[in-house]
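Chains as they are written, first to last, in this note's numbering: chain R, 1 to 115; chain E, 1001 to 1112.
Be aware that a few hints might be false.
What the hints assert, rightly or not - The calculated lysine-lysine pairs, modelled on DSS-like cross-linking and capped at a C-alpha distance of 30 Å, are:
no.	chain 1	residue 1	chain 2	residue 2
1	R	Lys41	E	Lys1058
2	E	Lys1104	E	Lys1037
3	R	Lys64	E	Lys1042
By construction, these hints were calculated from the structure, which means they are not laboratory data.
Below are the chains, spelled out letter by letter.
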Amino acid sequence: GAVVSQHPSRVICKSGTSVKIECRSLDFQATTMFWYRQFPKQSLMLMATSNEGSKATYEQGVEKDKFLINHASLTLSTLTVTSAHPEDSSFYICSAIYGQGYGYTFGSGTRLTVV
Amino acid sequence: GENVEQHPSTLSVQEGDSAVIKCTYSDSASNYFPWYKQELGKRPQLIIDIRSNVGEKKDQRIAVTLNKTAKHFSLHITETQPEDSAVYFCAASRVGGTALIFGKGTTLSVSS
């Protein structure tokens, strides 16, 4: 149980274009989802927290106009990287809380390469 | 906000030895401390966790200890095996809706 499906797993896009990453909770309702970015050989850095039906809360230093997060339903949160640049190339992974609040489940991640 | 420090960044041990990874956290309100193992390009995999009302938890060769007063927690792996080689992350959060904040990770290498 508590599965989060993340798509796409890999995407290559050209500089200046936008890319949308989806995370869908398959067997539970995800009121809250978290988005992380992980550069090679580094840790998972929290980008933002999204709550269903409200605006996302972004961490300091994360541009909200560049990384658009939408959490319009209890089962779907999306991250759109707008006007992508090569420095946005990274591993993006979502996470959701389930159960009584101690359970964190992760998507399988998206490897974004901007060329 | 929460800040989690993790040491060491790399750790090399011989097969059969013990390995210890230590983390400290800054937010005294944090009450959930999981440890993850992550393979390259994959999602983190939970290996053990501890809540703040417990001082120690063990699962076969893996144990986690928590010192709330000092705000640090540690992962102990005994009788290490080559397949334990991986990147390990500690994390901390406040139960109830806050995100996990991760340490910088430890690359464990177990040589046979």
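Here's how the hints hold up against the structure:
The suggested pairing of R/Lys41 with E/Lys1058 holds, with an alpha-carbon distance near 28 Å, which does not exceed 30 Å. With a CA separation close to 12 Å, the supplied pair E/Lys1104 and E/Lys1037 stays within the 30 Å bound. Among the hinted pairs, R/Lys64 with E/Lys1042 is consistent with the structure: their alpha-carbon atoms are about 26 Å apart, no more than 30 Å.
Violation of the numbered hints given earlier is absent; every hint is satisfied by the structure.
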